[in-house]
Amino acid sequence: MPVSTFTGLQTSLRGLIAQQEALDTTAHNIANASTQGYSRQEVLLSASRALSIVTGSTEGGSQNAQLGTGVDVNGFARARDKFLDLQYRTQAMRLGGLATRVQGMETIEGALAEPSETGISQELQTYWSAWEGLANNPEDPASRQAVVEAGKALATSLGELNGQLTEAAEVAEAEFQSIAGEGGKVEAMAKEIALLNGSIRSATTSGSEPNDLLDRRDLLLDELSEMGQVSVTENADGTIEVGFGDAATPLVEGTEVNWPQEVVEPKGKLGALLELTRAGGTIESFRTELNAFAESLANSVNAIHTEAGGPAFFSFVAGEGAATLAVAVDAEEVQTAKDGSVGGNDIATAIGALRGGAADRAYASFVTRVGTEMVEAQNGETNAQALLNTVEERRESVSGVSLDEEMTNLTSFQRGYEASARAMSALDEALNVLINRTGRVGL
Amino acid sequence: MTMRVTQGMTSRSILQDLDNSRSRLATVQREISSTKRISKPSDDPFGTGRTLQLSGELEGFKQFKSNVDDGTGWVTATEASLSHITETLQRARELLIQGGNDSNGQVAREGIAAEIEALTEAVKQEANVTYDGRFIFAGTETETRPYELGAGDEYAGNEGSIKRVIGTGVELPINVNIKELLGEGNAAGDNKLLDVMRDIATDLRGGTEENAENLRGTDLSRLSDNLDELTRVRAVVGATTNRLTTAGTRIEQLEEASLQQLSQVRDTDMPQAIVEFSTQQTAYETALRSAAQIIQPSLMDFLS
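Chains as they are written, first to last, in our numbering: chain Z, 1 to 443; chain H, 1 to 304.
Hints listed in this document are in silico derivations from the structure and should not be mistaken for laboratory results. Among these hints, one or two may not hold up.
[As the list claims (entries may be wrong)] No more than 30 Å apart at the CA atoms, straight line, and that leaves these computed lysine-lysine pairs for DSS-like:
no., chain 1, residue 1, chain 2, residue 2
1, Z, K338, H, K65
2, Z, K338, Z, K152
3, H, K163, Z, K338
4, Z, K338, H, K36
5, Z, K152, H, K163
6, Z, K191, H, K65
7, H, K62, Z, K152
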């Protein structure tokens, strides 16, 4: 089969087009070098279908040869490793949870203000000292007043600490609602994923690869996995089904969003918030311990104070000791001696001797527990952050835009384009000779 | 295959390293400026628990010291008062011996009796002594005058014991039961000081042979017995003073030990922290310098 005179021009044209598209892709990569979630793209090139030509006759018959016709652009691929995405999301979920826990615990730890000259432990010591001071001066009305005032200061501080714990729980609850509630972050992200699902489906069915939409969807999934556990099922039409936490129905099915739903153990940030606020959760267990301390303090003081028929020193509502602790006596009613004598000090001495006892130890162990849980959360966070960084690094290594690489590509595609143009010029010149000069002998 | 390293990776890891370095620097800096190794429970949970415990102990020692000081004041006042009573009784004993002497006429004896009565009042006055506005010989009724001067010899206080805590679980009685010494006079007939003094005055005024016998015999021996008893009580008071002094010293030693422990648990080890600080500072500066050099160049700088 003879080859068309203009085949070479076509081949060069294909080369020009391919190099140009490669240049465009490089420009796209460079433009998005800092775009979050962007995966670098590559032009998929292959040699176009060759022409089969007869090279001449031999004794065995005619022979065919393949004449190359240039290059075809097959598509644009994004450099992405799905396995790394899965790893990333698992670590993002852990980090989201632990970072939120650290934040919540920081509030609680800050409220304790220990060790310091102003914390509850100091007020407790001041209270014991007031009793011992009274034991030295049982006749002195000022010493009695000092005991009452120290008791009130202690009760107020306990009430305040309890209030701050309650507030921390409320803040966490509000944050949970702002994320998981109606119109919250989760719903907004789910809606965008559903929209993207629609666009991706129409692109996929028309046979194209919507790389930038896929990047955007993957980024949303990354962000969603900080909030809770995300499981993704891919469908043939390019859409995905997204399961979230332990919600009964998938969060996103094609272009449908099913939210809000009830979650019990969503993990991630939401899981951590629930763990802080739920019944029997972190904050409640701290409050229970604080109540136990307040009540053991009140009971041990009252037991001695009422020994000779006097009134109870502290009043409180059982089960809400920290919030309701109050001094129930005025200065005149403060008991100092079992026999009621003005100079006796056995009651005051006995109460003063409670220093370093069960109440002090209960408070110290409460503070220690808050510290220990904080350290655990912090270590977990550091660890999750390190793992996330590793995965992120590997993912970036696969998908990230390297400017050096793009510059190299830019140069080589530019040269390729120039060379294709030169090839076209060469053919043009050859054809010029053929068309304009052939048959003009002797002119 | 070698790992691709992109500009994004480099800048992210530089940022992370700088952040870490800066946060380590801030931690050491805080430890140095606050001089405390522990500023919140999570810095060292168990150290925090120990800090609270030791601070409580220290507060307790401070209180024990003030208890000891107060007790010492009280006991010193007691000792002074008992010493005055002893002097008074010695004078009474001299007068008694003088009065028992046959050479003295009844007029002289009447004079001696008047002095004995004055001494009796002086003894009661001593028993009414106060420390810091409190009657120290009234048991726990510290606002009640123990004996009424110029009236009967009834004791108005009680026999309650006043104690000071001078160590964990260590209570020391600091008051003297004066009723055991002075008694309640003739009305009670208890052979205690006031009873004996009143009898002596009566015998001096009586003027009979029997009275004179009493003065030389039973009155003298009963007065001596009471003086012995007084000496014994003063020995007990002296021992109490010693115990208070010893306790004061011991509390200071314990306080010192607790302070040292607290400092070990809570305070920054300055030399170590300062070395750590300069190490971290060097690391931070090095990281900054290398970051400045790495971020700058790219292939673009070399392509024409």
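(request) Please name the hints from earlier in the document that this structure breaks, with their numbers sorted from lowest to highest. (result) 4 and 6
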